Structure formats: C-alpha cells, structure tokens
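Trainee: Start from chain A and add chains B, C and D according to the hints.
4 protein chains.
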Amino acid sequence: MPLKTPGEYKQSLRDQRTIYFRGERVGDVTTHPVLGIAVEHAAIDYAMAEDPRHRGLAVVDEGGREFSRYYHLPRTSEHLLARSELIAASTREGGTLVVLIKEIGTDALFALHLVSEAMAARGVPAYRDRVRAYHERCRDSDLAVAVAQTDVKGDRSLGPSAQPDPDHYVRIVDRRADGIVVRGAKVHTSVVTNTHELIVLPTRAMRAEDAAYAVAFAVPVATPGLTLVASPFGAFPKDPFEYPISARHKMMETLTVFNDVFVPWERVFLAGETEFAGPLALTFVKYHRFTAVSYKLPLLELLVGAGRAVAEMNGIEAAGHVREKLTRLASYHTTVAALIRQAALQCTVEPPGLAVPNTLLTNIAKYQFASQYHQAVQMVQDLAGGLLVTAPAVEDLRSELTGPLVAKYLGAKAGVPTEDRLRLLNLISDLTASDFGGYQEVLAVHAEGSLEAEKLQTYREYDFSEPVAYARRLAGIG
Amino acid sequence: MPLKTPGEYKQSLRDQRTIYFRGERVGDVTTHPVLGIAVEHAAIDYAMAEDPRHRGLAVVDEGGREFSRYYHLPRTSEHLLARSELIAASTREGGTLVVLIKEIGTDALFALHLVSEAMAARGVPAYRDRVRAYHERCRDSDLAVAVAQTDVKGDRSLGPSAQPDPDHYVRIVDRRADGIVVRGAKVHTSVVTNTHELIVLPTRAMRAEDAAYAVAFAVPVATPGLTLVASPFGAFPKDPFEYPISARHKMMETLTVFNDVFVPWERVFLAGETEFAGPLALTFVKYHRFTAVSYKLPLLELLVGAGRAVAEMNGIEAAGHVREKLTRLASYHTTVAALIRQAALQCTVEPPGLAVPNTLLTNIAKYQFASQYHQAVQMVQDLAGGLLVTAPAVEDLRSELTGPLVAKYLGAKAGVPTEDRLRLLNLISDLTASDFGGYQEVLAVHAEGSLEAEKLQTYREYDFSEPVAYARRLAGIG
Amino acid sequence: MPLKTPGEYKQSLRDQRTIYFRGERVGDVTTHPVLGIAVEHAAIDYAMAEDPRHRGLAVVDEGGREFSRYYHLPRTSEHLLARSELIAASTREGGTLVVLIKEIGTDALFALHLVSEAMAARGVPAYRDRVRAYHERCRDSDLAVAVAQTDVKGDRSLGPSAQPDPDHYVRIVDRRADGIVVRGAKVHTSVVTNTHELIVLPTRAMRAEDAAYAVAFAVPVATPGLTLVASPFGAFPKDPFEYPISARHKMMETLTVFNDVFVPWERVFLAGETEFAGPLALTFVKYHRFTAVSYKLPLLELLVGAGRAVAEMNGIEAAGHVREKLTRLASYHTTVAALIRQAALQCTVEPPGLAVPNTLLTNIAKYQFASQYHQAVQMVQDLAGGLLVTAPAVEDLRSELTGPLVAKYLGAKAGVPTEDRLRLLNLISDLTASDFGGYQEVLAVHAEGSLEAEKLQTYREYDFSEPVAYARRLAGIG
Amino acid sequence: MPLKTPGEYKQSLRDQRTIYFRGERVGDVTTHPVLGIAVEHAAIDYAMAEDPRHRGLAVVDEGGREFSRYYHLPRTSEHLLARSELIAASTREGGTLVVLIKEIGTDALFALHLVSEAMAARGVPAYRDRVRAYHERCRDSDLAVAVAQTDVKGDRSLGPSAQPDPDHYVRIVDRRADGIVVRGAKVHTSVVTNTHELIVLPTRAMRAEDAAYAVAFAVPVATPGLTLVASPFGAFPKDPFEYPISARHKMMETLTVFNDVFVPWERVFLAGETEFAGPLALTFVKYHRFTAVSYKLPLLELLVGAGRAVAEMNGIEAAGHVREKLTRLASYHTTVAALIRQAALQCTVEPPGLAVPNTLLTNIAKYQFASQYHQAVQMVQDLAGGLLVTAPAVEDLRSELTGPLVAKYLGAKAGVPTEDRLRLLNLISDLTASDFGGYQEVLAVHAEGSLEAEKLQTYREYDFSEPVAYARRLAGIG
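Protein chains in written order, with our numbering: chain A, 4 to 481; chain B, 4 to 481; chain C, 4 to 481; chain D, 4 to 481.
Heads up, a few of these hints could be off.
For identical chains, the list gives no copy identity; a pair is met inside one copy or between any two copies.
[Stated by the list, open to error] Computed list of lysine to aspartate or glutamate pairs in DMTMM-like fashion (alpha-carbon distance at most 25 Å, straight line):
(1) K411 with E320
(2) K416 with D466
(3) K156 with E276
No wet-lab data here; the hints were simulated from the structure. Predicted, not measured: the structure shown is a model, and the values here were computed from it.
The shape of chain A in the complex, shown without the other chains (with noise of 0.2 Å):
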C-alpha cells in the first residue's frame, strides 16, 4: 500500500471516534475549529513525504518497497540519528510544535519489539509474531499511531490493585476466547484525536497482585467503548499575526477513558506477565526520550534565533549582557544537541538487532534540556522586552486611525519596518508569554518523564564503580 497523501490522511480521520470537546461530542475532527488545527499540524508528516526537500529523510526505500522512515526498525547508530533528523526536521516544519503522529507510536513498537523479544525467550512467545505483524500493519498502511502510558493514578501512595477505584489504574476486566476487555483512564495523551491507532502501555513496574493492570495492547481510535475528553488549554480564536505560532499549530491532549474496551487476542501485547511490564514501560522510555530531545533541538534553536533576531533589532546586540545571554543560550543549545547525538553514537544493539539510544546520554541531554529551559525563556524575554506583553493589536497596526501612530512610534532602528518588529515580538510573546508558552514550559518540565525521572535513571545508569575503585585506589585503599 502507497504512503497516505495529506488529503488521504484528514479523510481517513473521518469516523465513528468519540471525542468530547467542552462538553460536546464533536462530529469531524477535520473541520472542528480547534481539533482541525491539530489535524492540519500533523500532516505536516504526510506533506513531508512529498515534499522533494524531506522526502529522503521521510521515505525508507527498502528493497524497492518505500515506506515512513519513522517505521524503519533502526539497528545502527545512523539509523538512529537519521531517525532524530527526521523527528528535528518535522519539528521545525510544525514550528517547534512536534507532529508526534508516528514518533510515540514507534517509540512504542520498537519497545514492544525489544520486550516481546525477550518474552519470547523466556518462553512466551506469542506477543512477538503479534507485535510484528501490527507494525508491518501499521508501517504498510502508513497509519498514524498514538500512545496512552501514563495512568490517572489516583492516591499515588498506593499500588495500582490498592487503590480504593480498582479503575485508576487501566486494567484487564474479562478474559475471554478472542480477546480481554479493559477498563481505566490514562492522562496526558497526546495526538489520539487525529491517529487512526492508540498503542496502550503499562507505566509502571508491576507485583504479582498487579496482573490485571500488567496490559498492553493497540486499539483503532473509533473503537466503541474509547472515549476522549480533550483539553481545551489554550484554544481560544488565535490571530496567526498575534500567535503565529499556536494559530497554526496545536496538539491535542486527552483524558482517555476505557470503558469495558474490547481488545482481540491478536492486538494485545501484555496480558498479565507482570515481570515484563516495567522493562516495557522502561524501553518505551528510552526510545521516546531519545526522540522528545531530538524534537526539543528546533525549540532551542528558536531561542537562540529569537533571542538573537530581536537583540539585533533593538539595537542592544553589542551590549555584554546580550552577547553574555546569547552565549548561554547558544551553549544550551549546542550542548544538547550533542548530547543526543552522542546517545545515538554510543547505542546499544539487542535482541533481535535493535539499536537502543544510550540511556544515560538520552537521561542527560533531557534533563540538561528540561532543568534550564525556564532559564533560558527568562534569558529571551530580557533581550525582547517589555513590549511583548504591552504590544498593540494587528488591527491598531492596520487602523486608518491608530496605524500611523503605532508606525511611527513603535518602529526602533532605522530600516526596521515597525511590522516587522511587531511580528517578532509576537512569535516571542507566543513562544515564551502566551498559553502556547506556558505549555511549552509545563512539557519541559513533565513531558516524557519529570526532572525526577530523568535524575533517578541518571543515578542507576551511571556506572559508579571505575571512579569508586579510582578513588580507593588514589587513597591507597586495598
């Protein structure tokens, strides 16, 4: 089967989804004024795939047979850092927004490759045939896939089968002959009201009480039973003069409710092998932290042309504080962007043949990115100033009244048209002052793992046990 066109892809989103948007059942997503934002957003992968300037980078040809990148198993460290290009590239066409359609999902797949691979050495080995034959699926019918992991947890003092609601943590509430039925929520998922899949994932290691809740599956998106309660955080009429960024570009968010969901044996993945679902959840966080880095670098590199740009045209760019601001954000930049390279460099390659981002690396390049993002937003908001939250509106600009006016007093260094510098205090209001920057911020801190997260993996990652024999052996200690 061809790879979908942008046209085939919003077509194909039209179904029997249940989504619900302030309280009301929307009908097409493609057409929804805010849900059709996120759809054109993400065929931004579609479009890529055509586009003669991506195409290499988003097209596999393998053995004559072409297909997304993003579905091509990566066994070496170029596939890998082909595979962050690619995520980076898409990223900076969604204007630092990521598209994420079949980034989480493969993340997913390749984690369920690697664990079910390993199931299947200890003696179980059903899941892999079923894991290879849902993402030849997915991969042929150039499928958009989303991911639901994290659940809503309830008392996060107690275990998932020691909750008071035995639903806070999704679970298996009937086995039958040709499937499980599953029941619970899951927060924070990204992208699912524009997929056609939703990949299911445990987020946590689990006991043997837990069995019921060590599940993992993949469901179509208008499958009965699921139901989407989107966020409406920052959806509200955007001018794409005052937001050009988040007028355009958006991702959707669910609470992602399992109601009695029925799952056919041959979409499960996990189905009470408790030992096997924290590597899942883990894997699964390898792979998706290796990409949130890679899709954070053109977010960086905003900064730093944001912070740049605007210094420029306020005249202030030869000033020590500025050149001393630039360079701590050029240095975040680059040091990130190493980072992640260097992940990709020093990979692992397991059973059966998959190239594995260096944890540690990966663990490092997002909390580097993560711990001084706040900072760096400071840093931008000090060289663009005041006026970011002070600004006129696009219609004052355009107003036969007030337009002569703000032309005239708003322009700042000779040859700078007063629009121009209006547009670029607008993408930086967007970017770091508006719900769109709040957003930015709140994912920096939380998406793909908390700061704890990443310290914690750091922490067990890191091989302590050369510099303690280079210590004892320095202090003449046998």
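Mentor: Okay, now just chains B, C and D, sitting in the frame of chain A:
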C-alpha cells in the same frame, strides 16, 4: 472632600478620554468587556478604604482629615513599612496583581517633592509649590494617578535630540505664556485607562542639547490630544473556573501618545532644566522599585502556597525533592520580604524630610526577586504536574455525559473532591502557564527596570571603599 | 573579679591539660609552634576589651560591674545586634577567622538558660540554678569556654543506644552521689586547646532508651581523663608574606575523648531527661547559627574587597564581566548581612526573658551564605588570575639575583609596586587556594550544621498555613 | 632513535639549565626535594610507553618506526580520540594531575604546522620546513617540550608596543645573520623545569606596530640567558598518608625570563609577520583546550568516585540529597566527556591535512567543566563531612597512646577500618581543601584560557545565521 467610594470612582471615569482597543474607540471604560475588568480590579483600592478589615491600613487620619495612605508623605521607616504593607495587602486582594492606581502616582509625587526641593535649593523655586499643590489636589480628591515614563526611544544607540525622528522621546514643542505643548509617546503605561490623572516623567538623564526633552508634568487623562492605544495582550473571554485570577483581575497597558498636548504651567514640573532630569528619573525609580518589591510579595506567597497545596493534593509532600522545592520557594519568599523590610528600616531622610528606602537593599531585593522568578515557576509547575495543560474543561466536568468520567478518573487522594483539584490546577495554570503567567514573567524581568538596571544600581550604591581598605590592611599594603 | 588581660589569659592556659599533636603530648600550649598561633589568635578577644576602639562594644557595664559583652544575656533585638556586631568586629580583627572562645560558650549558656527554665517549668528545677551559677562564674572570671557537641556517631543509620560500640555517643557510665562519670568522644571541637572550660551538649534528640546519652555538663579543660587529639590540618611553617592570614591566625580542632571523666553535680546540666536533649541541641544551634552568620560577614567583606582591589590592580575593573562579578559579590555580602540583621529584629523573647534570634531568618541567612560560598571563591579567583598559584616566592623577590627580574616583570599597572601586587595575590591565595581556603570552604558547608540541616530547619520553621490558605481562597476552594 | 626510558629521561635533565627556587639556584632538578617530585611525576609519560597495559595507546608504530603517540599528527577523528584517551590515561596515572610534557608541546607543534602552512600559501614558505624538521627532531629523540605563551603583559589596557616597559611582552631585540635575540618574560609556564625544550608562542593578535612582538621559536631549556623562577606554591614537605596525591604528583610553574636569548634561524617560527601572530595564538588554543578537557576527565571521575565512596563509608548513600549530589556529579562528568568526544567527531581537516577539534564544542566543553568545578567541589566536601579539616594526624593513628582512641572513635560503619576512612578523607582533603585543591580550582578558572575567553570563543564560533533565519521565517518576516 471625602474619600471616593468604588461607585464614585467608576462613575468618575466616564469622561471624554480617547482610548483605542483593537482599532476601535472605547466609549465607556467601565462597561467595556476588557477594560471594564481592569476598572473592577482597580476599584479594590477604593473598596479597601471602606472595608473594616483594611481601613486602618488604607486610610490615614491626619488632624481629623482622612485620606488614602498612599498620599501620606513618608517621613520615617514606619511610614515606609506601613506603605509597603498596604501595597502588599491590596495586591493580595487583587489576586497577586498590583492595583497600582495610587502606588505609582505617589511614587512619582514623592520624587517630585524631593527633586523640586533640590531645585529650589539651587535657585529654581517655582516647581516646589506646584508639586505641593498638585499633591494636595490628588490627595483631597482621592484621585487615581498613572505614570508614563518609558519613552519609545527609537534608535537606542542615540540620545533624545539625536534621533532621526525628534518625537521618539516626549518633548516640548512650544512654550506659551500659559503653558507648554508636548509631543511624543510613551510605552508600557500601566493603568492609565482607568485613572483620573497621568504624571509624565523623563526616562533618563539628559544633556544640554536635550533641553526640550527634560520635561515632567501632569494632565487629566481626558485631555485633548492624549491618545491611548491599549494592548490586547491576554484579552480574550475567560471563564473564572479556568482562569481564576485573570478572569477577574486585569491591568491595562497602553501606548500613550501626546499629539501636541497643552499643559498649563501649574501642571508643569520640569521644563528644560536638564540637570534635574536624571535625578528625577532615578528618584522615582527609588520609590517605585520599593513599591515593586512590596507588591511582588503576594505573588511569592502564592507560589509557595500553591506549590504546597498541590503537593499535598497530589500526595507527594513527603518526597525529598518536593520538600527541597518547597524549602527553596519558602526561602525565596522570606529573603525578598526581609530585604525589602531592611530597605525601609535603613532608609535615609532627605529634604524636605521624606524617607527614601535604602536604594542598595531595594535594588538587591528587586534583583533577587526577578532573577529567580522563572526558576520558582518551574518548581511550582514541577509540583503540579502535566494536568496543568491537559485537564478537561469546566464544561466537561459539568456535562452529564463526561462529568462522571472526569469526576471518577481525575480524583486523586481520598477526601479531595475532583473539582477542588481542578480548581487548584487551574489556579496554577493561570498563574504560571497562561498569558497571565507570561505577563508575570515578563514583568518580573522588565517592570520597574530590567535585571541589568538593578545590577548597575547595586554596583553603584555598594560602598567598596571599606572592603578594599580591609583587604589592603590584611595584605599588608600601605 | 576584673577582666583578664591577654597576658593573664595566656598565663592561665599553662596547666595540666592533656593534648596530643602529631602523636606527641603538648607541654605548654602558649609556646607550641602550632597551638601557640591559636593562642595568640584567641587573645584578640582579651586585647579588644583593652582597646579603646573596641572597648565600648566588647565590654558591658552593668550596675558598675564590667564584664565581657559575650556574657551579657540578650533580652532585646538591640542586645542581639550588639552581640552580632562584636562577633563581626573580633572576627575582622582575626583576619576573617572567628575568635570563638566566648562566642560558642555563651551560645551554649543561653541555650542552657532557656532549657533549664523549661525543665523547671516542667518540675525539674535543679538545673536552672546550676546553669545560673556556672554562667556567673564564667562571666566573673572572664573565662574562655569551648563547646563539644558533635558525637563521633559510629554507624549513622543507628541511634546512640543501638550502636555496636556503646561509646560512640558520649554517655553516663556511672552515677555517683557526688556526680557522674562520662565516656565517649566528640569531634570537630574548636578552640578547646586554648579555653579554660568545655561545655558538652547532646548532638540530637534522644529516645527513652537513650537515657544514658541525654547528658550535658561542663568541665575544666585540665580535667583528668579528658584527652584532646589536635588536628594537624594546615599546620606547617608559614611565611607571613606568603600566608598573610593563616600564618598569624589559627583555630585548633580536636578529637575530644572522655575516658571515664568525673563531673560533679553542680556542673551537670542534663542527666537522663531524654525529652530535653533535642530541645537543648536545637536551642544551642539557634544561637550558634546566628553567631555563625555574624562571623561570616568579615569573610564576605574580604571577598568583595579583595576582588575589587585585585581587579583594580590588574586594570580590569571597567570590564563588563568584572563589574558583573563584583556586583554579585556585593549583593551576596549585603543579602547575608541584611538577613542576619532582620533575624535579630524579628527575634522572640522566651522564658526567662532571653531574646532568641528568628530561627527561620537565621537558617536562611546561613544557607544563603553557605550555598554560594564556593561560587564566590570562584569569582574572586577569576578576578585575581593564575598568579595565585604560579607566583615566585618571597625569597625570589628579596634575592639579589632574581629580585630585579621579579620586580621588573611582575609589575602590572604603573604606580602599583610589584611587592604590593604579590602581597594582594598572596592574600587571595591564602584566602581561597591554600589549606586555609579549603578550611573556609569546608566550614562553610559543615560548621554549625550542614546545608541540609539548614534546609530542613527552614522547611520546619516557615509557616505554610497562610500561603496555602491564600492559594485555596484564590482557587475558590472552601 | 628509540623511545627514552624513565631513567634516560631523568638523566637527560641533568644539564646547565638555570632555575631558581626560593631564591636559590637549583643544581640537579632530579634530586631537588620539590622539583624532583615533578620529575618523577613527568616520568609517568616514559613509563607508560614501556608498560604493556598502556603501550598500545602510548606508542604509535608508523612503518616500523615507533614513537610516542603525542607526536603523531592527527588526521582523523579517530586520531584525535586516541590522543584524547592517551592524555586522559596518563593523567589518571598521574593522580588527576596532567603530565603535560608532551601534550602541550605537540599542541604547539600542530598549531605551527597549520600556521606555517598558511604562511607558505601566502608566500612565506621558510617556516614550514623548520617546523617539520623541529617536529621530527622532537619526535625522533622522544623529547619533553614545554610551551610559554602568556606574557607578563604589564598594563593590560595597553598593547605590546605601547607598554612603558617595552619588555613586558617577549620581543625581538636584535636580528642577526644567524638568528634573533629575544628579551622579555612569560608567566604560568608549566613543566619547563623538567622538559628538554621550550616552545615560545605569541599570546595574542598583534598590530603592525607590534612587529617585534610577533615572535615564535623554540630553545633548549639549558639555553644561556633563559632563567626560570619556580613558584613555591604548595611546596612544603608532605606525608603521603595525609596528601596522597600531592605528596607524589607535582607540576612546576615558572616565571620564564629571556635575558637576550639567542635563537638560531632554524628554531625561529615567526619573526615579525604580525598577521600570523593572532592565528598562531588561537590555533594553539584550539588544540590546547581540547587537551585540557581531555586531562580534566580523570579529575571529574575522581570527584564522582570519591564522593560516592565517602558517602558509602559514611553510610549516607541512600539519602535523597546524597543521591541528588551524586547524580549531579555523574551528569557533570558525563556531559563534559560527551562534549569533548563530539568535538573530536565533528573535527575539521585543514591544510596540510591536520584534524582540528571542533572549536565550538571544545570551548563549550571547557566552559562546562570550568564553570561548575567549584560547585562540584562543594558537593564532594558536603558528602565527606567536617573531618576533612579536623581529623588527627597519621602519627596519632600510629601512636601507642592515641592510636587506640583514634581507631575506636573514628571508625564509622562496621567493616570499614578507621585507617581506610582516614585515607579516603585525606584523599578528598588533598583534592579539595589543600593547596593542591586550590591549585585545581585556580587552574579550572584560568588554565588554557579563562571562563570569559571560552565564552567569547563560543559566541564567535556559534553560527547564529540559521537560527535567526528560522526565527524570521516563523515570524513571517521577509
């Protein structure tokens, strides 16, 4: 004349003032969907004077005559502390947004008292009496007063009289027997859409050739030729459930244009005396940064309180990293509060007997606040979790269809109603991840002077001579 | 009894005290090449009482009776401020090294007053009179008093009575009619090699099973069974040209061993009342951290002064990054000073009428000091340059052969003698890059409680209830 | 000629070199109590070439001819990586102190190759052949080579030829038929007391009027007129138990004076071509900072290892704040290591075919290392505890009188011998709190360029054009 009631305040704003919002002339500011919110917010000042809980702080009784404490000339540390407390208390009522309709005006008046006194001592006595008379009028009529200081500046590498466009700093274009005519524009003028008066101050030191730009004066807001172009930043319809602060509290910012505005001499406070332009700009800032730190305290309190409350709701308050973050937030709040208190206690008293907050300590307090604000936001977002930007809408909670799902799945710890949790998350989202959060971030960096301005002032005010002498003594150098 | 002279102080130290230094018993501490330096340093305290420049601060006249201000019970903020100033002034005389021979002892005495008063209120009156009598004796004899608090602790995961070696916390091994017998050891005991008395306090809260460890008492340093093993850290012959501070100023630290030491009842201040062990440990710390921040101020002043002086000598004081660093150093110094001042001003007065510095502010002041110290050192080293560790010796400067080369080539700016430059560099080298610099770094982190201890105390003392209530109110939660 | 053995190396240093230490002429550097330690340390380089564990890394076999890898011209990323590994390995053998006797010299040689090639391309071919010949001689005789770059500089606000004392930068005072005569002095010259050769490079870009100062050359250390004044910093007798690193490892720093030193033409590499002075200074730095980061890695490894080991011994490794600190240390080490690796991988190859490490990444790596070093020291000191500066002497441990007390009371966790604990504490004390610790701190900030130099270079090397174009595109600006 008695104190104004909130109703009288609102009524008094219905005049001929010229305001544009999104390209259209605003009729009645009190009923305008956006500007009206700012009016209601500002009315807090008048309401507090009537409120028994606040009256003792808000109103001063001097020889049987009652007036707003803002107009009280500070002569001691205690006066400064009381003023600081009042600013903090009204900002607290304002949901962390400063009310400002008397704070900033009296900051300017105090500076005018000091500088006109210095001018009198240097043989220019006329301004002193005008300042006193104007101060009494504002006080006795209980007026709201805005201040416009920041010129649009044009090319920042050039001084006022060297600009290609001579109007890029506000200047005197005509001197008449009865007054002066001024032209130019100011930016970042806060609250002027809903004050009675506007005081205009120079933004920097001036040289001899800049005499036309060394100008300070006051005009009623409804003066002919004064045009306000209001910023639409963050001005879209907001549900108070989703935006618990910013749906109710707002401060307007304007581009403030002087199209050949006539100002009678009794309202002119500087007109060509270039050597006093710098001192006036700086003295205003001394008071205004003290005001600024005072009004930031409720914001810091809320960051601590919201961080702690959400940690408790999420059931994570015992975790080590959570306590670390809460400790850092508490320390941040306490340090800034102690520094501004010390600034009042270590004040100087200058002719004609006004207490000036310690400039070194005020600038350090402001810098400590501003430089750590984004990091504090990061910590609160970290404690709150991703639901800040992925939670469902209020309509989803209220809907019969989705309400039960939301209630069931977004309940966290036992005993915490889901609605309470969403309310708290929305508070933090509004405070840190919305346009209002962006506004607070940008204000932290730019309002009342940038981080660099505060550092520069700190460097100038710190007395290095004693430390250097100590170092030389210990080094054994003569 | 009159105040002691420096000579009388030194003479009075020639007794039977048992001190080991590098494995050998020390005879006369006043003439020992290493311990003698510490004696001279400590004598600063007695010299200041005779020095007209300091007498007003150092000596209190109460009803015609003069005594050292250290022994003055603080009853008001002003008393605390005067005490803080005295501590800073004597440390300044001591070249940034605290004198400590009365500071720490009176910190302990104040804590004993407060806790013995609380014990009396709870029906255990005996200790109160002993504390008062002992306090008067120390005061009236103008004694130097050390304090031993930190037990050696053994396995830190176990409490006192659970240690494999029961002596790993100091304990009562016998109760006799005339007193108690104690055994165990304390570490990090400062200045005890040159004080008359040693007060012993518990290091932590105790449980019921730890009754033998709930012990506080005082002994003369020359008591039988008390063995001091002095640390040789940084104790090598130093030329005052190369080590302008540490060649002249020194504080001894000891491992302090109690080999079945007998203590008569009148010197016993706690003996088994476990519920008071924690409060005593904590109350001591409240005073002692206030002392600590007070004595750190000259150190911060010197960092600023040395940084500025060397920048001037190097001719770089106008560079942007240099001003940035000096501003940060100045801000650091000012902030810590303001916080400790505010801690005195916001003191509480507790039975029997003693002023206790505000614990929250004291801990935050200490934390602000300690957490930024290494960064401040980095900045001063940055300003000084590599000659800190590569400059020639004083002999090279004095030598006929190399002296002219050194003078010619290491002269920097015109007008600055090479010798002055080397002296200033040596001062900074001693202060930041020698064992003395290391001592200051380690003390910053560990003395009077670690960074973690200060954070813990901040967390406990900050009142979160008001901020949480404010957050809930703004969120619209009941 | 074969590789030198350690014995041959030492023997070869017994020549007529003119060195002063504390005002006295040094006879035999190999037996001098201070300089001899540096000789032993440097001999590590020769020992590694004989050691089967290191030979593969230390020695290159090119067409059957063996020579030290340092002299191998890097032509690929792999060559740079191998060089980096060798530098790290020898520094590791050197107890975190770089050996440097071939590292720095070859950094200079590589720079001379590149610049003399550029000079040849611009019509000045003579230098290229001299550089090649000199390189071959050093390589084939397996020589140790120091580099003197930093001039004494005099008044830093003035250029070389504008100094009141014309000798404040090294300059050519005579040009003769057979060579040049140079005068002046350099500071911070490392390891030259125990190398065979000294290469002299200009320290900065020169203008036309500075032609006499645009000079580069090489001389044997025993050249007449070359006087070395060695720094006594940290040079006192040290017991290896108390100073486990610095009692055994040392690097001498000198003031290096050229008293009309004659240099024959074949050893002159720049003599008046001012336009190449800056490129030569900068190209040397490109290699030398790459060397610097390579040799810092064992230091970072030791900070991690010592921190972890002491946390374990203290029994606190499970505490949250301890894990936080260890994680930050591990992340610091890993980030710097990844950046320098990436600098090798993203190298450029420049005529005549030499691989130059990526300058942007190298500078960022160096800055990341240097800017966080003091904070890392703070963390390790925090983990180790106050005994770093209060522990007894080795004699106290060995003494019959105090030994049992020390053994009993300073034992911590069961199973950890007290001696081991003291050894580890002494290691950390030596590393962070002694003059050696101070040396490391100052080197972190100043060696191979200051923090400011690295920031400046980062600013210059980062390509802002792409990010600015991206910002403009998203802003909708033409």
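Trainee: Hint by hint, note whether the structure agrees.
Mentor: Consistency of the hints with the structure:
In this assembly of identical chains, the alpha carbons of K411 and E320 lie at most 25 Å apart only when taken from the same copy (23 Å versus 40 Å across copies). In this assembly of identical chains, the alpha carbons of K416 and D466 lie at most 25 Å apart only when taken from different copies (23 Å versus 54 Å within one copy). In the homo-oligomer, the alpha carbons of K156 and E276 lie at most 25 Å apart inside one protomer (20 Å), although the nearest pairing across protomers, at 46 Å, exceeds that limit.
In the structure shown, no violation is registered for any of the earlier numbered hints.
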